[in-house]
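Chains as they are written, first to last, in full-length UniProt numbering: chain A, 1 to 616; chain B, 1 to 616.
Just so you know, these hints were derived from the structure itself, not from any lab.
Where a beta carbon is used, it is the ideal one built from N, C-alpha and C, also for glycine.
There may be inaccurate statements among the hints.
Result set (SDA-like, lysine to any residue): computed pairs, CA atoms no more than 25 Å apart in a straight line [as the list claims (entries may be wrong)]:
1) A:Lys423 / B:Ile47
2) A:Lys65 / B:Asn530
3) A:Lys41 / B:Ala253
4) B:Lys65 / B:Phe81
5) A:Lys41 / B:Ala457
6) B:Lys41 / A:Val470
7) B:Lys587 / A:Phe427
8) A:Lys526 / B:Asp59
9) B:Lys96 / B:Pro68
10) A:Lys426 / B:Asp522
11) B:Lys513 / A:Leu460
12) B:Lys423 / A:His589
13) B:Lys65 / A:Val498
14) A:Lys491 / B:Lys513
15) B:Lys52 / A:Arg467
16) B:Lys423 / A:Thr45
17) B:Lys41 / A:Thr45
18) A:Lys65 / B:Asp59
19) B:Lys41 / A:Lys41
20) B:Lys513 / A:Val470
Which residues of chain B face chain A? A partial, calculated answer using Cβ under 7 Å [to be verified]:
21) Glu53
22) Pro60
23) Leu61
24) Ser207
25) Ser419
26) Tyr511
27) Pro544
28) Thr546
29) Lys582
30) His584
31) Lys587
32) Glu590
33) Glu594
34) Asp595
35) Thr600
Here are the chains, one letter per residue:
Number of protein chains: 2
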Amino acid sequence: MSKRVTDELGNMEIDVISVSSSRHGSENSTYVHKVGNPPKKTLLTEIGCIVKETFFSDDPLRNFKDQPRSRKFVLGLQAVFPILEWGRHYSLSKFKGDFIAGLTIASLCIPQDIGYGRLAYLLPQYGLYSSFVPPLIYAFMGSSRDIAIGPVAVVSLLLGTLLQNEIDPSKNPLDYRRLAFTATFFAGVTQATLGFFRLGFLIDFLSHAAIVGFMAGAAVTIALQQLKGLLGVKKFTKKTDIVSVMRSVFHAAHHGWNWQTILIGLSFLAFLLVAKYIGKKKKKLFWVPAIAPMISVVLSTFFVYITRADKHSVQIVKHIRKGINPPSVDEIFFSGEYLAKGFRIGVLAGSCSNWKNICFHEGLAVGWKQRNDSIRNNEYHQVDDILLRGHRVLFSLGSKLHGRMPYGVISLIDIEAMSLIWKIDKFDFVACMGAFFGVVFSSVEIGLLIAVSISFAKILLQVTRPRTAVLGKLPRTTVYRNIRQYPDAAKIPGTLIVRVDSAIYFSNSNYIKERILRWLMDEEEKLKENSQPRIQYLVVEMSPVTNIDTSGIHAMEELLRSLEKRDVKLVLANPGPVVFDKLHASKFHEMIGEDKIFLTVEDAVKTCAPKMDLEP
Amino acid sequence: MSKRVTDELGNMEIDVISVSSSRHGSENSTYVHKVGNPPKKTLLTEIGCIVKETFFSDDPLRNFKDQPRSRKFVLGLQAVFPILEWGRHYSLSKFKGDFIAGLTIASLCIPQDIGYGRLAYLLPQYGLYSSFVPPLIYAFMGSSRDIAIGPVAVVSLLLGTLLQNEIDPSKNPLDYRRLAFTATFFAGVTQATLGFFRLGFLIDFLSHAAIVGFMAGAAVTIALQQLKGLLGVKKFTKKTDIVSVMRSVFHAAHHGWNWQTILIGLSFLAFLLVAKYIGKKKKKLFWVPAIAPMISVVLSTFFVYITRADKHSVQIVKHIRKGINPPSVDEIFFSGEYLAKGFRIGVLAGSCSNWKNICFHEGLAVGWKQRNDSIRNNEYHQVDDILLRGHRVLFSLGSKLHGRMPYGVISLIDIEAMSLIWKIDKFDFVACMGAFFGVVFSSVEIGLLIAVSISFAKILLQVTRPRTAVLGKLPRTTVYRNIRQYPDAAKIPGTLIVRVDSAIYFSNSNYIKERILRWLMDEEEKLKENSQPRIQYLVVEMSPVTNIDTSGIHAMEELLRSLEKRDVKLVLANPGPVVFDKLHASKFHEMIGEDKIFLTVEDAVKTCAPKMDLEP
């Protein structure tokens, strides 16, 4: 049976019949919805659920469900070696396309990877090795057709910085190389471990904003490092911060820069910028910027060959060792002091490369904008991708002449993303700038540390200081909303409704208790000033409270005591299944009274408010 | 104008008129509630709010509001020196009560504090000093009338363990003492800093459960340490873990235990247990257990004096230096290697003593049970409190004879709290046991580390894996609830309603996106099996989503793309003020369409569901 209410304006309105377990209305006896108490899960199911949500939230075994055993085996094999699946549909025409794509990318990548090798202070062939072997393995075991596998600039830079803190590569190249092998070995072990134990979620702890800042800082750092080559500076600082680098550059200026190197560098920079401009203006000429870096490489090699510029102190890469990479297991430090150092560096570098977003940034598109565009159009811009590779080739050209130019990396500085971050979330912007300035003014590690710290601080702030809101009733509805957001939401006389917007855990239980009491005190003060009736009921809307722990229960008990002192009754609305369970386990529902727990705020108010008129 | 709906059972029901900003119904045009968009706060107000909630959530300046300047000054002075306030009402009769209380407590505390001094491997007088000076200062600057100020067992134990890791107190007592002074100095500085910068909230990061386990472990450790005195073992291990201690004890058994010490110890232990039993049985005789420890002290001293037991290898405290404590500033290490060590130990010990709950446990009541009782009755049981002090005196008695007994500390092992924790939260129980076994089988620091780590892990789990729920409509209401909690909640055909129970931040944005998609896939599979109409609308109930950051916005964009691929429309219900702001800042509301954001789930469903019948 429904209950009719006619409000003061004469509009007829019928209340929704959602009545709680309270004994307040016999007229509502037909459709009584109690606060739900679902059947208890056993401890084992509960643990299983947590493990599944934590480590297998992507539900990797979805395809295996309800399949016969033989099919499961095939699926499992295909999961490890996807080539077994797509290989069956591979055709000659596909191979033709792949062959051409491979040749194109190789011609672009070779000089680029030499450059990455040098960023890590290694001989050029190591950059080539690492861009050759991984894609080969990936062809058999990888699952994405669009990914670029190979060394990335930021990790190369990070590795180089960390390694040379331990060993000077110019003084002791052999040990340096061995330490590099050790570090990369452990980087691989780290990645495999993270993957095997499905700990990828640990990487979610770096916020997008921190990454944008970190990448921009790394771009500036890499660009600064190019100054060495571009200006032909001989004695260059080992540090990567802007102050040290600029001091080096100006110090070198006294001894005169190498004008030949500068001339070559600037000419090709101009050529590439013009090519890019043409490609942007005329969509049909998209192949101009795509082909420009290759032309630069050929031209510059030819130019150096005929003018013998290398005799005029223009540095060139010189001899690169032939052959595929020899096994280097015996060069890894498996004992001694460098084992620990290599391990530490490897874990750090390995975690960083696992940092999906860096890989994404570098591997597919340069900024969120491009990423968004591509997501928006639900396809990856092949042209953009080639353009990007074009940018990269600047590194290669650069490293070929050893006059790497600070141009390709500029696209890593994503001004647009930064301004969007500023608009959306100021705290994120602080993290972004912190990471950026940390990298630029100190070092890659410090920048990383700042990024992680600020990201963590944000999590902690979120966890310790959840939001609460005072609710009011929207006129002519049974909907209760935050009165700050909905100014026409009306407070109920004698009743204060507070919503807690978080699970109540030890980290915030005290705060939540105090904050609720503060809302009450503020409200009471206001009422006193206007000599309105005092608060008799405090309704806590628990809908968003997904969980509560022992500290939370104790905080609720303390809240109850404090309210009793003030002669205010505590009422709960809509506790979730877990919370309801725990309220029962701790017997809190007996302390507060079963009839004080309601299905909705409306129910709670309907029970509290009528009494208001009866009491003085 | 309201809209009448007659459901299939013929019950007349009128919908609540809470209509969103959508253009879906001209018949609902009278009372349109748009999703609220409150006036934007300036950046400064926003920062001010965050700072206030983070550091001043207790609103310390409440009393200062709207007061004239002179009154503010007086209030400020009284805030620093509360004696200025209560001192004015102090009377001779109050002094009489305080005097007797002081004498009583002093007679109980003196031997106890000697014991605490020895726990920290310091001369007995240092325990006395530290129980004398702090209460004196507290009398002027403290704000609570019920608090017990002085050394506490756990911190004494922690300090002793940490200090003797650095310096052996038996070999180098002078440096040991200086290091202790250095550490306690920095402990004080730490506490002052935490207080001044209002960083007390950092301490909230230890969960109640971890503390219960840690305290129980510390109790076992302290009890084990007493075995040395009780059994009169000469060569006792420096380690505190149970394995080392038991090995020491059994090793000593070969050389014969000191039977005189054991006899004295056990006799008084029996005496105290009997006294406690009497007090428990007959409420009128509550003074028997309260006075028993004092009697023990007097008796044992007398006994040792007449039998000259100290000549029969019963160890006694011997001479305690007279006078108040001399200044020890010049003994603090302000340079050298011990400065850093003292600083580290001090910060750790200082943070621990700041750990409110330890102080609370030790200072006022022994377990949550007593605490709860006292809170329940809204007063502190004076008798219980004296009993507690009685327990403590066992330490003192113990230290007097140097045969401290493992009895008083047993009450620190709160079995009842542990079983409650097990019932309420299994994860909490793991933290509790981890801390307990860490302390018992390893050391106090390791236990502390485990407690902090597990507490943190819990926070991280909470932050990275928030809950989500599929909602259904409760029959004959406009209320949507978790279908797991309310089995009679009905799903709306063609529509899936998912509630996200947390702010969407970088730490969980990917998970939330994937989880929502998984709900959708699961549902689609089920529908396929039963060949029911497919899902066309995904309603995300955003009420509990208090905030969203840039990563969260990107995740929502990706969700939108994935849904578009599956030809499912994304609909949002009730975004909060902050989220609404950010959706606008990022132009997400344009991507999804303004008409896809509703005030309530009911509104969203009313708009989506009718279309279901029209489409194929």
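Hints, verified against the model:
1. Restraint check for lysine 423 of chain A and isoleucine 47 of chain B: the C-alpha separation of about 15 Å stays at or below 25 Å, so the hint holds.
2. For the proposed pair lysine 65 of chain A and asparagine 530 of chain B, the alpha carbon gap of about 18 Å is at most 25 Å, so the pair holds.
3. Between lysine 41 of chain A and alanine 253 of chain B the CA atoms are separated by roughly 51 Å; this puts the pair beyond 25 Å, and the hint is violated.
4. Straight-line distance between C-alpha atoms of lysine 65 of chain B and phenylalanine 81 of chain B comes to about 20 Å, which keeps the hinted pair within the 25 Å bound.
5. A C-alpha spacing of about 23 Å is found between lysine 41 of chain A and alanine 457 of chain B, which places the hinted pair at or below 25 Å, so the restraint holds.
6. In summary, the hint linking lysine 41 of chain B to valine 470 of chain A is supported, as the alpha carbons are separated by about 18 Å, within the 25 Å threshold.
7. At roughly 19 Å between alpha-carbon atoms, lysine 587 of chain B and phenylalanine 427 of chain A fall within 25 Å of each other, so this suggested pair holds.
8. Simply put, lysine 526 of chain A and aspartate 59 of chain B have alpha-carbon atoms about 16 Å apart, close enough for the 25 Å limit, and the pair holds.
9. Proximity of lysine 96 of chain B to proline 68 of chain B is assessed by CA-CA distance (about 37 Å); at most 25 Å being required, the pair is judged violated.
10. Between the alpha carbons of lysine 426 of chain A and aspartate 522 of chain B the distance comes to roughly 37 Å, so the proposed pair goes past 25 Å and is violated.
11. A hinted pair counts as satisfied when its Cα atoms are at most 25 Å apart, and lysine 513 of chain B with leucine 460 of chain A qualifies at roughly 22 Å.
12. With a CA separation close to 15 Å, the supplied pair lysine 423 of chain B and histidine 589 of chain A stays within the 25 Å bound.
13. Between lysine 65 of chain B and valine 498 of chain A, the direct Cα distance comes to roughly 24 Å. Compliance with the 25 Å bound is thereby established for this hinted pair.
14. Straight-line distance between C-alpha atoms of lysine 491 of chain A and lysine 513 of chain B comes to about 36 Å, which puts the hinted pair past the 25 Å bound.
15. As the CA atoms of lysine 52 of chain B and arginine 467 of chain A are separated by approximately 13 Å, the hinted pair is consistent with the 25 Å bound.
16. Distance restraint check for lysine 423 of chain B and threonine 45 of chain A: the Cα-Cα separation of roughly 16 Å lies within the 25 Å cut-off, and the hinted pair is therefore satisfied.
17. Of the pairs offered as hints, the one joining lysine 41 of chain B and threonine 45 of chain A is violated, with about 46 Å between alpha carbons and a cut-off of 25 Å exceeded.
18. Straight-line distance between C-alpha atoms of lysine 65 of chain A and aspartate 59 of chain B comes to about 56 Å, which puts the hinted pair past the 25 Å bound.
19. Of the pairs offered as hints, the one joining lysine 41 of chain B and lysine 41 of chain A is violated, with about 45 Å between alpha carbons and a cut-off of 25 Å exceeded.
20. Restraint check for lysine 513 of chain B and valine 470 of chain A: not satisfied, since their Cα atoms lie roughly 29 Å apart, outside the 25 Å limit.
21. Hint status for glutamate 53 of chain B: holds, given a least beta-carbon distance of 5 Å to chain A, under 7 Å.
22. Look at proline 60 of chain B: its Cβ only gets to about 11 Å from chain A, farther than 7 Å, so that hint breaks.
23. Because the closest C-beta pair between leucine 61 of chain B and chain A is about 12 Å apart, greater than 7 Å, the hint is violated.
24. Satisfaction of the interface hint for serine 207 of chain B is found here, the shortest Cβ-Cβ separation to chain A being roughly 4 Å, below the 7 Å cut-off.
25. Checking serine 419 of chain B against chain A: minimum C-beta separation of about 11 Å lies over 7 Å; hint violated.
26. With 7 Å as the threshold, the beta carbon of tyrosine 511 of chain B comes within range of chain A, its nearest partner Cβ sitting at about 5 Å, so the hint holds.
27. Interface restraint check for proline 544 of chain B: the shortest CB-CB distance to chain A comes to about 3 Å, inside 7 Å, so the restraint holds.
28. Taking 7 Å as the C-beta contact cut-off toward chain A, the hint placing threonine 546 of chain B at the interface holds, the least distance being around 4 Å.
29. A least Cβ separation of about 5 Å between lysine 582 of chain B and chain A falls short of the 7 Å threshold, and the interface hint therefore holds.
30. Because the smallest distance between the Cβ of histidine 584 of chain B and any Cβ of chain A comes to about 10 Å, over 7 Å, the interface hint for this residue is violated.
31. At a threshold of 7 Å, the smallest CB-CB gap from lysine 587 of chain B to chain A is about 9 Å, leaving the interface hint violated.
32. Taking 7 Å as the C-beta contact cut-off toward chain A, the hint placing glutamate 590 of chain B at the interface is violated, the least distance being around 12 Å.
33. Contact between glutamate 594 of chain B and chain A, as hinted, is not supported at the beta carbon level, the nearest pair being about 17 Å apart and thus beyond 7 Å.
34. At a threshold of 7 Å, the smallest CB-CB gap from aspartate 595 of chain B to chain A is about 19 Å, leaving the interface hint violated.
35. The restraint placing threonine 600 of chain B at the interface with chain A holds, with a minimum CB-CB distance near 6 Å, inside the 7 Å limit.
Consistency with the previously given hints fails for numbers 3, 9, 10, 14, 17, 18, 19, 20, 22, 23, 25, 30, 31, 32, 33, 34, ordered from lowest to highest.
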